[in-house]
Structures are given as C-alpha cells and as structure tokens.
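J.: The lines below spell out each chain.
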Amino acid sequence: MRHTISVLVENKFGVLTRVAGLFSGRGFNIDSLNVAPTQDPTVSRMTIVTRGDDATVDQIVKQLNKLVDTIKVHDFRDGEYVDRELVLIKIGVNSQTRAEVMQITDIFRAKIIDVQQNSLTIEITGDESKVEKFIELMRPFGILELTRTGKVALPRS
Amino acid sequence: MQKTKSARIQQKQSEPAPATAPAKATGATMLGSQILVAALEREGVDVIFAYPGGASMEVHQALVKSNKIRVYLPRHEQGGVFAAEGYARASGKVGVCMATSGPGATNLVTGIANAYMDSVPLVAITGQVVQTMIGKNAFQETDIFGVTLPIVKHSYLVTDVNSLARIVKEAFYIARTGRPGPVVIDLPKNIQQQRTVPVFPETVSLRGYNPDLRASDAELEEVIKLIEKAERPVLYVGGGIISSGAADQLRRFVELTRIPVTTTLMGIGAFPETDPLSLKWLGMHGTAYANWAVAEADLLLAFGVRFDDRVTGKVDKFCEHGTIVHIDIDASELNKNRKVHLPIIGDIRDAIERLNSMLEDRPPVKSFSAWHSRIAELKAKGPLKYRVTEEVLKSQHVRDFMNGDATQVILPQEAVATLYELTAGEAVIATGVGQHQMWAAQFYNYKYPRQFVTSGGLGSMGFGYPAAIGAKVARPDMQVIDIDGDGSFLMNIQELAMAHIEGVPVKAMILNNQHLGMVVQWEDRFYGGTRGNTYIGDPSNRKQIYPDFVQIAKAFNVKCERVIYKKDLRPAMQRMLESDEPYVLDVITPHTEHVLPFIPAGRTVNEMIWE
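Protein chains in written order, with the working numbering: chain A, 20 to 176; chain B, -8 to 602.
Be a bit skeptical, because a hint or two may be false.
Below, in silico cross-link-like pairs of lysine-lysine (DSS-like), each with a Cα-Cα straight-line distance of 27 Å or less [unchecked claim]:
hint	chain 1	residue 1	chain 2	residue 2
1	A	K130	A	K149
2	B	K327	B	K271
3	B	K357	B	K271
4	B	K372	B	K271
5	A	K31	B	K127
6	B	K357	B	K327
7	A	K81	B	K59
8	B	K56	B	K84
9	A	K31	B	K59
10	B	K372	B	K305
11	B	K534	A	K85
12	B	K385	B	K305
13	B	K372	A	K91
14	B	K357	A	K81
15	A	K85	B	K330
16	B	K370	B	K271
17	A	K81	B	K56
18	A	K81	B	K385
19	A	K85	B	K160
20	A	K91	B	K330
21	A	K85	B	K84
22	B	K385	B	K558
23	A	K91	B	K327
24	B	K308	A	K81
25	B	K370	B	K357
26	B	K534	B	K558
27	B	K550	B	K534
Quick caveat, the hints were computed from the structure, so don't treat them as lab data.
Computed from a predicted structure; not experimentally measured.
Excised from the complex, chain B in its bound form (with noise of 0.2 Å):
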C-alpha cells in the first residue's frame, strides 16, 4: 500500500501539473503523519533532524518508510534545530527540525529564535498533543504557537488533516521567501493519525503575503547619481546579499565601480574578504580600517543589512556626515534603526542586477583613486593583529603550563590563523559565540557565501557544534570546522553522538581558555577585573583543565586531542584537517587576550581601543 503511494508521488513529481492546475485529490487515503513526509519530500526535503516523543513517534514511523529523507537524530532538541540552522546555512535551503510536543518543542525555541534575528530559512515542526486534550495541562502540552509568536515568521496549529498538505507547502514558501525566516508547523498526535484522501497543492496562495518586491526604476537611477556625485563611497553589505544569492552580481557592482566593500558579521563572504577593495566586516570588533572608512564616507550603499547596534554603536553618529542608502526587501528595516536619505524596498539582487546594467550602459567616470589610496592608509595604520602582551607573560596560564617558557604560548588569533593557513581559506566554519567568534571572524579570510556560520544576533551560545554538523551535511565536500569556546562547547557537547552515530566527519578546534572569555574582557575592561561566575574550570584545581574534553570525546568514540604548547599545534591540526572522522582539537590559550579593536556598546568609532 505504502510502496504503490509513493510511486504515486514520486510519478507527479517528475511530471508536474502546470501551475495553474487545480490539485487533486490522488485517490488513496493516507495518515496524517504519512501526508506529512509525502508533503516535505515533494518540498524536496532530504535530511530532517528530528528527536522523537510520544507527540511526533507516529511522524518517525513515516519517516522510517520514507526512501527520500535521511532522519539525523540529534542528543538534544537544541543541537537538532541548530543542525537544521547549519544545514539551511551551508546549503541555502531550507533547513527542518522535529520534535516532541512541550519539552520537545520548548527546547526549539532558543534555535528558533536564532533563525528568526539571522534570518535562517527554517521549518520547525513540533508534535502537540491530542486536540481533545489540549488546553487541560495534559503530559507534555504547552502551547508552543503561543510561545513562538513573537519570534516567528509564521506559524500554524494544524486543526484539520485535511489543511495539512497545504500547510507544509505554504510554511516552506514563507520559510524560503522574502527575508527568510522560522516556520512552526505545531502538529496534533490526533491528525497525525487521521485518514483521509490527501490533496498536494501545486500553488500557493496567500493574499496578505507578496515576497516579490523590487526597486522602482526611478530609485536606481538615484542610486546611480549618488554614486556619480560621491568621492568616498562605501559599501554596507550584509545577510542579504547571501540569503538572496546576490554575491556574484555584487562582484560585478564592485568590478564597475570600484567602490570598497565592508560586510557585517551576518553577510562575511558576500565579498571576497581577500579582495584589495575589502574591508573585511565592521562594528564593535570589525577592523579599525572598516570603522574609520564608514566615518569618512560621503556615501554608504546599504545592502540587505539592519543596522544591528553591534555593527553601528552609537546610532546618529554612525557615518554621521555621508549620504546614507539603505536597500533592502524588508520595509520594516529601512529607517528602522537609523533614518536613512534613500530608503529603497526591493530584492538585492535584482536591484544590484539592475543597477549593474545601468552602469554598463553609463560606465562611471570616477575610479576614487584618492579614496583607494586613503583607505590603504588606514589598514596600514590598524590591521588586524595579535602579540604576546604583559598579560600574557604574567598570566596562570603561563605560570601552570609553560614552566615560564612563554614562546610556547599559543594565542587565540594564532590557532585561527593558522588553521587558515593549513585549510588555504577552503573551509566552512562555524562558530560558538563570544571571543573566539569574534577571531575566528577576524583571523580567517572568507572568499565565498556561506562559508561562515555563526549565530550572529541572537548571540546563542552552544550554536557551533550542531550547526557545524548541519553545514557538513549539507556540504560534505567541504571541510568544515567548528571554531568554538570552551564554554559554547559545552552547551551542546552531547551532538558528539549525533556527529559519531550519523557518521558526519565535522571538526571542532576549540579555543579552551577556561573561562568565558568575552564577560571576562568586559569585566577587566569596566568592572575592575572583578571574575563574576566567569572562571569554568575547577576552582579547586587550576592546574588541571576542567572539564577534560579528551576524555569525554572519548566516551562518545570521537578522537580528541589537546595541544598546549605552540610546537605541537600544526601538526596537530594537520592530523585533525586530515581525518576522515569527526575530530575534536582542544587547543588551551591563556584568558587574558581581549579582543580588538574594540568599540563599547553605544559608543562611537572616536572611542575604538585598537592598540
């Protein structure tokens, strides 16, 4: 019966019905949960990282039938809707988790947050429980619809099975769509097990929803002249330009106008960070050069950005004096943060395109040699670097680990560029979130879109190792590496399993400083070094690292090694980078490096610390 179904489908899929047929029912009737999977493969659904409950049990026995979808199955919900967030990440499709109803689902919500502030294509599917039983407090109910309102991009309680396929259909396009973002499908144990003659739509309809926005004409040609008129323009790019897979034609813009380019963390990799006219990214730790660039700039071309307050610190003051033009397909954003001259909704990339060929036909006559020449001033003036300080000398770490030999200290920044050295900028990473998201941001150069996975305005510790798994997934021919703390280790550190059962050789260089080491520079920086729960080691026993990464990889048979002298680190990481098996290296750093340059929250770029 199953077998003659899925032919069924299978068949339409290789022909589908031209658009604007009406869908029809195919004659046999199905369980809900079966009408489910149907509809994510024809959604083209091919991994879902799903752990299973009471409430989504009879979604796993259809899965397990299903020739089309590889189930992964996460040790934690979390690590499970991060993995879905790594995979839409790497890959640019959408992205799907399932869990249980209450604990299950409650446990998505810290990744759907995440999806919803980085604008990750994502569908969350949780169980719920029978709709007779729902609104009693029954075993493991809450109502997860309420609990995600304010942080999804939709999100539907299926009350009918006969909606659901319709549902999943219009939850992927919304997911997809548009700016991007976390759909719940909240499912009911009872469809799950309804029967009934399922009907796939081909279309979707969604009157209040319209995703195909672009940029007038006449608003281009502003853009246009902007450009003509300006001597120090920057370019402002972001998330956008990746999620709408506008990095090559934003090339293009920047071969015809020479204009220089700096990123947000969000959209690293839009441009080649190897590139004379990059920046590399902005704001509160982007590079000095970037900082004072957008400062002197007379013109800022805004591109599928938010003006997150990470990136513009004191917000008037952010390019106070330039023109500033912000495109970008939400209308919610522009003027949102910061008033702009030139606010512009529309799709990136077709405004870029169009943009393109204005300037094709109208070559610019200006090549802002003037301006190229300052901005070489300015990297010369603050690159991005790192050196053995006086704190470093004096450190524990020092003291405990390297007899007093402080040439075998290995920084932070150095373990990261030399993993960029022994990858030749090749590999995908990851990270966790605090300093070593901030260096291995700084210390690495992206050449490509969806190389850097990092949880960027959520800040969600715990994000790099799940989504690591989810990017090699998704691209299996990449190396992909998890530069993580030891503290965002830790927070999902049971994907270990998911990473050895599921066979998905990721790797994680951890940078083990035995504290969380971002509170740990705001606390020396303005709380008089005063350690509050900072410190994660064994107080007990400082000599010793805490916990022992080695031994725990050991118990979920991954390989793990732990390097604490400099002497050791490459060929260490030549061993990792050459497995062909998840690998865990725990690299120990001193705690006492911060992280430069560095603008406080709210202020302006004239009180940057970069020396």
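Looking at chain A on its own, in the form it has when it is part of the complex (with noise of 0.2 Å):
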C-alpha cells in the first residue's frame, strides 16, 4: 500500500536523518522525498512517498510524531490532498521526431525549457498519473536524462 505523508518538521540539522532512520531501521524505502521551508522559516515540510502495510506506516506515523522536532504528521489518504510533482525530462530528438515530441508536450502543457542540436529539455508539473503517462510516451524516443522533485502535497482542508 503506498503511503503519502506529510510531515511539519523544525528546519534544524539533523532532523531529515531522525525521519529517515525511522524508515531505515523497519527496512523501509522512501520512494520519494522533498524538503524545503515552508512560509514560516523555521519550519520545513517532508513529503514522503513509502510503500508497506498500514499497520507498519501507522506505527512510523507515530514514531514521527514521537520525535522532538516533529511539529505535525499527516497520512494523507486518497482525496484528502491535492499533489504535485515537477519532472525535467531531456529527450533525444532528430527532425523526423522533433515535431511529434513538440506536440505532445504542448498537449500535456508541459514547456520546453533548453532546445539542443539532438535534444529537448522538458519540463512538466502535475499529479503522478499525468506525469507518469507523459514520461511513458517518450520513452520510445529515447528520455536521456531524467529528474523529478518527488511528490510534493497539501492537505484540501
């Protein structure tokens, strides 16, 4: 079962190691993870993608919650959050493919960000269904390079 949480953390060193050993020590991988400030300082917010059985997550959601610096921890369920992940994808293009790559772009309103002799550089924001359907139409043209942010969520309410 995969598991979005969000967690409000103080923006202190040391703190990004205490959560992941949470997962780390139950063998547990992160499939993603993004942090950064959020409106106030000294505050930060962790999205955290991880896949295992409730009981396991419910149990890390409250060893997060236990720690001193974690000020708030959602599990996020489905419908109670909006998410977003930004993807830079560079794909290998010729003139034969260059326009279909274009066009499929514009379709996903994904922007080209650098234009090379024998490449695209693409940008995209969206929720994981759209990024992952875009991601798989360019493969048959040959992604090069790839990077995404990891999930980053609010909760609706």
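These two chains come separately, so use the hints to put the complex back together.
T.: Pasting the structure below:
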C-alpha cells in the first residue's frame, strides 16, 4: 500500500536523518522525499511517499509524531489532498521526431525549457498519473536524462 | 569572579522568576564549560558520573569549582552511564553522566540504549572535538550524534555557546517528562572554551513536544463499564506506573476494585508482592499463576506496559479470550505489539486517579470472589519453588566441592530467598542479566516502587554492580545489593574502584556457577546440552573457581568472602549486610539449575514448563 505522508518539522540539522532513520530502521524504502522550508522559515515540510502495510506505516507515523522536532504529521488518504510533482526530462530528437515530441508536450501543457541540436529538455508539472503518462509517451523517443522533485502535497482543508 | 557568579545563580534560584518572565542575561561572561555546570546546578543536579578526557576536561575543571555537584569517577564510561541509570531508577530524578569524545562517547552507547529500552530519564553529555576539526577524522572524533540517533529520545550537537543553557534546560525537560528516556548533548571543546553572557531560560518552549496527555472522561467511563461487566479481570502493570509515580493510586484502585495484579519485570514494586492480590510478575519466567490468570482473564487492564515479547510469548495468543484495555502515555505503544480493544493515550497516574474518583462515586458491586478463589487454586497449583534435583546431585559441583555431601549445596534460588529473609524485604536490589536476574525477581518479594533495578528491555550484562552504586548514591538510607552472576559481575568489575574510592557502601552477592547460566539453560533445553563457549571458568583446572573474585576485590581494597557450603551462607550474608563499606559475597552454586517456569520464546502459556 502506497502512502503519502506530510510532516512539518523544525528546520534544523539532523531532523532529516531522524525521520529517514525511522524508515531505514524498519527496512522500509522511501520512494520519494521532498523537503523545503514553508512560509515560516523555521519550519520545513517533508512529503514522503513510501510503501508498506498499514500497520507498519501507522507505527511509523506514530514514531514520527514522537520526534521532538516533529510539529505535525499527516498520513494522507486519497482525495484528502492535492499533490504535484515537477519533472525535468531530456529527450533525444532528430528532425523527424522533434515535431511529434513538441506536439505531445503541448497537449500535456508541458514546457520546453532547452533546445539543442539533438535533444529537448522538457519541464512537466502535474499529479502522478499525468506525469507518469507523459514519461511513458516519451520513452519511445529515447529519454536521455530525467529528474523528478518527488511528490509535494498539501491537505485540501 | 567565579564565586560572585555562582552566588548570583544561587540567588536567582531562591527567587524564581514568574514562569512567563523573559529570560535575562545576568551580566557577567562565563565559559561554555561553566555555563554547562551552572545549567546543571539549576536543574538540581547534585551527582554526575563522569570520566574525563581531552574533550571533556574543560567541564571537569568547571565541576571542580561547583559546590553543588559531586563527581563520581567510574573506571569505565559504561560503568558511569549504568551508575547514572541506577541513580535515576532508584531516585526518580534524571541521571547524568559524561564522557569525552570518541571512545569515551562510544563506551556510553550500551547504557544509552539501555535507558532507551527501559525509559530511564538520562542526560548523557559527551565532549566533542573542536568544531573546525569535526568531519576530519580528528583524534578521538566520533559522530556520536549520528551513532546514537536510533537510541535516544532526543539529542543535541551544540553549535553555538549561546544556545547551551537553553539546550540543557530542554534536555532535562525532555528526559524526565512524558515517557522518560535518554537525551544526548554533544558539546565541542571550542564551545566549552568560548565566553559569553549566558541567558538561563526559566521555561521550555518546544512546539513539537507535548508530554501532557490525558485520557478523556468518555474513555475512562468505558473502562469502568468493562470492569462492571467482567468476571475475571487482571491488572497487567509495568514501568509506567513507577515512572509516573502512580503506585499509591494503583493500590487505591485495587482496594476499590479487588482486581488481582501482575506486573512486568520493569513494573516490579509497582504493587506490593506481599499483598494477597499480587500475582508477582508474568511472562517467560514469571509465575505460573500470573500466566494462567492472564490466559483465563476476560478483562486485561494493561497500564503503562508495552506487551514485550518476553511477557506475551506468542502475541496473538496472549490473553486470547479477554478484552484488553491499554493505557499508555506513548501513543506509539498502542496497537504496536498487540491489537487491543480499548487503546487510551494518557498519563497513567492521572488516568488511575480519575478512575478512582469515578469508582468512589459509584462503588463497584462485584467482589470477584469466585475469581479470587480460582486464583488461590492457581497459586496453590504452581507456586515458585526449588529443590535439589537429580541434576544437582550428579553435578560436577557436588563431586568437586561437596565430597558427595549434597546437603551442603547452596542453590541459587535459596541464596536469594535467604537474602530476602535477612533483609526483611527492605533492600534495593540491582541485578545483572541472566538466570540470577530471574531468581532475584522470583525469590525476593518487592514492596516498593524503585526497589528493583534491572536491565529489562536491553538485557545488558554488567548493569548490576554500577547500577547498584548509583542506586546507593541515590538512596544512602537503604541497603542496596547487587545480585549478580559471575559473567555479568566481571563485565564491570572495575567499578569496585568507584565503590571503594568514592566510599559507596554497596553490596554484591554473586551467584557464581562458572557458567553463562541462561545460555546453558537454553543449551540444555534446545541444543542437546552442547556447550558453545558458555563455560567461563578455567577448563584446565575446573576444581578451582575462576576468576578468583576474592583476590580481585582484595586488590581493589574491597572486602570479599567466598561461600561454598550452605552452613556458611547465613553468617556470611549477615557479615555482608552488617558491613558499612563495599562488600562482595561470592556464592558458589551448581550450574545445573534451570529457571522455571519457562515459556520458550514465541510459545504460549500452554507450553509453559513449570515442574
């Protein structure tokens, strides 16, 4: 079961290690992790995507809550939150394929941010399904490089 | 200069500012090391167990000038941290230890892990190399902040001398509140040497930490309803009762409800074991009747416990048919090991206090008399007992030492029972880990909280003697005795020096069977008796006790007597108890005894070996 966990933490050194340790100490992998300060520079928000049975994730959430540097933990359920991810993707192109790549980019409301002789770098933002679909469509053209921010999420209410 | 500053601090302490007043700088500059000591004094610290080194000597220099804090010098950092834990466990105050960077700090790790597992309030201070050298594999540099991350309640690496006073204040607050635990403060040497005008905060503000948790009235009403419906209720109480200071409230609760009580190993003393409603403690080596009672219970009130595997055995079969109520201040313990019917977050003393007032308003109608007589039956069926077994008669011990006269054999259980008798049950007992620990818990009846100091969760050998020293420092009015094994005692035997030099009249009774008895027991039960490095005497001369604790103690100027024959046991024990200085009694016992009852790991009460 996939979980998206949002954690507000003190913006201090060592906090990331404490949080990550709760996962690694249980043999859990973190699929994606995003950390950055919030509107309050002393507070950071982490968005963690992980897989695990509900009981174990429930235990991790409780342990996250126990950390002195954790201010608030939210284990999001479907529909309770909005999320986005930003992906930079570099596609190998030639004169035959360039137009098609640009067309798909347009349909997805993605942006071409760099053009080279043999490649295009595209920025796409969206929820998981949109981003995944775009990557899937780009794969046949030849993905040269790809980086993603990991999911960021906020509760709806 | 120093004098005026400490006078100023004393004055501030005697007239505490209102809690809301902003902290103010006192005017004069102080060294980081002096700020640390002053901050410790403000926390009421009067004892610190500290072993100096290059990265902590500045603080020792400042401690020399403190007239409030006494430094006890252990002979190994592990002895220091265990002593601090013994002090904390016996007193209820925060234990404090300090070590230098690198190896000094890593030698604390076992003790910090122990404090984490057993929820002991502990502040462990470590020296660190100067900040400019951090990360350069400097001499005696270890990232102790990183090393201890999974075994601390919280930790600090001090990077600014101006935050030191606040950090110490927070560390003590975190260590002792909520579910207590260890806090590490790693303090680089250059910060100890920096000067600043300190600001000692009066209050702690931690937005991510709220230890003031209380059960709701509705939840407690639900507990009362379950008690009213129950026929066979059992209280299963643990260390939470002791750390929250709820023993009196628990006693009142039992008076009101007449519910029988079993404790965990950590909960020993939470309820007087001499009370007819006590089932003593439960679990792998707990009493048969406590385990049977829990198996038959239709309501289990789990207060301040964590369903440890040594208690539950196969966890889903534990109290299989009963309704379980679990109250704990640590939300992460609820439904962690055992799914329960009514999980309640809250301080256990507050919860029991409020349950008591509800019960006083609405006294229970049931007296559970049928259940009480059933429990009397169970107690009669499987009491704790020991006897000279066939194995003892055939043992090397009888051949080598008794000249075939088995009437002179001292059984380890008997040594504990005799100690119980001669101390009238009034001593504080510390233990190492293994068979002797179980017998110390079985054959001594504890009446008070903080009377039994043991390494429960981590099961750390070598805990007993230094912990007993710490306990004796905390409770000089009490007889404090370490009941130890020969293996465990040897692990921190260097602390004979701390006991002697610091003048701590602590006693130790070694149940010396020349073996790692608990592992031997498992070898006998599950590995066909094959000895895998569990004989710790001298294989080339088995008739001679090895090592010679009498000689070792003599070298430390500590009195020690060896007893082999039963006829000598009582008088020797009496001499130990009457001594007003450190004293070791080396009691030679056969290694053939097994701790019973015994529920093998992961099994159920039905598979308990008890005869």
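J.: Now, for every hint given, state plainly whether the structure supports it.
T.: Status of each hint after checking the structure:
Restraint check for K130/A and K149/A: satisfied, since their Cα atoms lie roughly 14 Å apart, inside the 27 Å limit. With a CA separation close to 25 Å, the supplied pair K327/B and K271/B stays within the 27 Å bound. For a cut-off of 27 Å, the pair hint linking K357/B to K271/B stands: about 23 Å separates their Cα positions. Between K372/B and K271/B, the direct Cα distance comes to roughly 15 Å. Compliance with the 27 Å bound is thereby established for this hinted pair.
Straight-line distance between C-alpha atoms of K31/A and K127/B comes to about 22 Å, which keeps the hinted pair within the 27 Å bound. With a CA separation close to 32 Å, the supplied pair K357/B and K327/B exceeds the 27 Å bound. Under the criterion of a C-alpha separation no larger than 27 Å, the hint pairing K81/A with K59/B is inconsistent with the structure, at around 40 Å. The straight-line distance between the Cα atoms of K56/B and K84/B is roughly 23 Å, inside the 27 Å bound, and the hint therefore holds.
Taken as a hint, the K31/A and K59/B pair is broken in the structure, with Cα atoms around 34 Å apart against an allowance of 27 Å. Between K372/B and K305/B, the direct Cα distance comes to roughly 23 Å. Compliance with the 27 Å bound is thereby established for this hinted pair. About 54 Å separates the Cα atoms of K534/B and K85/A, which puts this hinted pair outside 27 Å; it is violated. The hinted pair formed by K385/B and K305/B fails the criterion: a straight-line CA distance of about 35 Å is larger than 27 Å.
At most 27 Å may separate the alpha-carbon atoms for a hinted pair to count; K372/B and K91/A exceed this at roughly 52 Å. For the suggested pair K357/B and K81/A, the alpha carbons sit about 38 Å apart, so the restraint of at most 27 Å is broken. This hinted pair checks out: K85/A and K330/B have alpha carbons roughly 20 Å apart, not beyond 27 Å. At roughly 11 Å between alpha-carbon atoms, K370/B and K271/B fall within 27 Å of each other, so this suggested pair holds.
Distance check on the hinted pair: K81/A and K56/B sit about 44 Å apart at the alpha-carbon level, beyond 27 Å; violated. With a C-alpha separation of about 54 Å, the suggested pairing of K81/A with K385/B is violated against the 27 Å cut-off. Restraint check: the Cα-Cα separation between K85/A and K160/B comes to about 19 Å, which is no more than 27 Å; the hinted pair holds. As the CA atoms of K91/A and K330/B are separated by approximately 25 Å, the hinted pair is consistent with the 27 Å bound.
Straight-line distance between C-alpha atoms of K85/A and K84/B comes to about 22 Å, which keeps the hinted pair within the 27 Å bound. For the suggested pair K385/B and K558/B, the alpha carbons sit about 21 Å apart, so the restraint of at most 27 Å is met. Our distance criterion of 27 Å between C-alpha atoms is met by K91/A and K327/B, whose separation comes to about 20 Å. Simply put, K308/B and K81/A have alpha-carbon atoms about 25 Å apart, close enough for the 27 Å limit, and the pair holds.
Distance restraint check for K370/B and K357/B: the Cα-Cα separation of roughly 22 Å lies within the 27 Å cut-off, and the hinted pair is therefore satisfied. Simply put, K534/B and K558/B have alpha-carbon atoms about 20 Å apart, close enough for the 27 Å limit, and the pair holds. Of the supplied pair hints, the one linking K550/B and K534/B holds, its CA atoms being roughly 23 Å apart against a limit of 27 Å.
Checked against the numbered hints listed earlier, the structure breaks hints 6, 7, 9, 11, 12, 13, 14, 17 and 18; every other hint is satisfied.
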